[in-house]
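Keeping their order, the protein sequence lines are chains U and C. When we follow our numbering, the leftmost residue of the first sequence carries the number 54, and every step to the right adds one. When we follow our numbering, the leftmost residue of the second sequence carries the number 10, and every step to the right adds one.
No wet-lab data here; the hints were simulated from the structure. Source: prediction; values computed, not measured. Treat the hints loosely; a few may be bogus.
What the hints assert, rightly or not - Straight-line alpha carbon distances no greater than 25 Å define the calculated BS3-like cross-link-like pairs of lysine-lysine that follow: (1) C:LYS53 to C:LYS66; (2) U:LYS56 to C:LYS53; (3) C:LYS18 to U:LYS126; (4) U:LYS56 to C:LYS66.
What the hints assert, rightly or not - To be clear about the criterion: a stretch of chain C counts as covered by chain U if any three or more of its residues have a C-beta under 8 Å from a C-beta of chain U, and this derived list gives those stretches: (5) 11-19; (6) 44-54; (7) 111-125.
No residue lacks a Cβ here, since even glycine has one placed at the ideal position from N, Cα and C.
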Amino acid sequence: AQKITQTQPGMFVQEKEAVTLDCTYDTSDQSYGLFWYKQPSSGEMIFLIYQGSYDEQNATEGRYSLNFQKARKSANLVISASQLGDSAMYFCAMSTYGQNFVFGPGTRLSVLP
Amino acid sequence: NAGVTQTPKFRILKIGQSMTLQCTQDMNHNYMYWYRQDPGMGLKLIYYSVGAGITDKGEVPNGYNVSRSTTEDFPLRLELAAPSQTSVYFCASSRPGTSGTTGELFFGEGSRLTVL
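Pulled out of the complex, with its shape left as it was, chain C reads as follows (with noise of 0.2 Å):
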């Protein structure tokens, strides 16, 4: 069982450059997340879906954008990347919890991105 897979694991990109972070889940989990984590601080919540074609912006949204075209797919585009954008990027997925809410996130690896 695989969980969550994020790949790549490692990339380096120069100032201007774009890519995309891509993220699987194999347990048919509706709701997906993605975090940046920069040197010892906690996770900053970019995007998040709730199910396929449904896309919402977290707390730093600016520089990235989501799309969601199937269940088990949530890939994370970087357009023009700054240095800013260092950091570790954690995709994670997860089942409905109780009254609304959400249940326990399962994580990937993480990608860590250097943009020099």
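Chain U with its partners taken away, still in its complex shape (with noise of 0.2 Å):
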């Protein structure tokens, strides 16, 4: 069965710096995608950033990164330059073949003035 881990349930970072989030993730298939969702306050899931199990390069969308460690199956979100509006809760979540599509419990960032 597909699992995604997040081992950070809150993160604080002060405005400006970088900040890493933690996602393992949890397969047996060759071929799956890895996605990284924001989800503010308000509620609506935003998605940030996607990196397919077969690229070779990690992916890059602005200030986000994904830092993919396929040997040790780990898909960590890297934020840049963190802004007061990055506070939200992040989700790591996995798409496999036959469309399964799974997400891991997420991590609350605050950033912090």
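Got two chains here, each in a separate frame; can you build the complex from them with the hints?
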């Protein structure tokens, strides 16, 4: 069965600093996709970044980058130059063959002024 | 472009009542999903569908039913509501990804259900 683990229930970061949110995954499939979503206090789910299992380069989207270490089965999200608006819940998720799409328990990020 | 639309946004049910959460998408996506999110928790997959006429159970299907008669619509039926079904429900849709996986999910705004 596919599983996502996020071991940091909560994280604090100072404004303008970088922060890394951890994500490890478990699957026996060779083909899979890894995603990060942001959920602000308003409740909507916002897609941030995607990494395919066959992608050789780490994905980047603006201030977001995904540190993909396939052998360790980790897909950590790095947010550079944190902003107050980055305070939110962050979810790591995985899609595997068969269109199953599972989420981790999330990490609550608080950006301090 | 409406994207994924869920109705109702809020609902209060009494124990034992039944209801249907509606979900429709206008992006011609094949894949559709229903999740529930309990307070402070992650999203749990209830059911998903890879196309009209095809549905599959997710992690927490008990107490729910779905149907997919068209590409656009994926309603979620709650039978005999219980307090444990108090949650926020999200519908999502997606196009195929690479190598048999799924692309990014596009989410509705969520439906907050309370069972008293």
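Hints versus structure:
1. Taken as a hint, the LYS53 of chain C and LYS66 of chain C pair is honoured in the structure, with Cα atoms around 11 Å apart against an allowance of 25 Å.
2. Pair hint LYS56 of chain U plus LYS53 of chain C holds up; C-alpha atoms about 12 Å apart against a cutoff of 25 Å.
3. Of the supplied pair hints, the one linking LYS18 of chain C and LYS126 of chain U is violated, its CA atoms being roughly 37 Å apart against a limit of 25 Å.
4. For the hint linking LYS56 of chain U to LYS66 of chain C, the alpha-carbon distance of about 16 Å falls within 25 Å, and the restraint holds.
5. Here the region 11-19 of chain C counts 0 residues with a CB under 8 Å from a CB of chain U, which misses the bar of 3, and the coverage is violated.
6. Here the region 44-54 of chain C counts 6 residues with a CB under 8 Å from a CB of chain U, which clears the bar of 3, and the coverage holds.
7. Interface restraint, the region 111-125 of chain C with chain U: holds (8 residues with C-beta to C-beta distance below 8 Å; minimum three).
Comparing the model with each earlier hint shows violations of hints 3 and 5; every other hint is respected.
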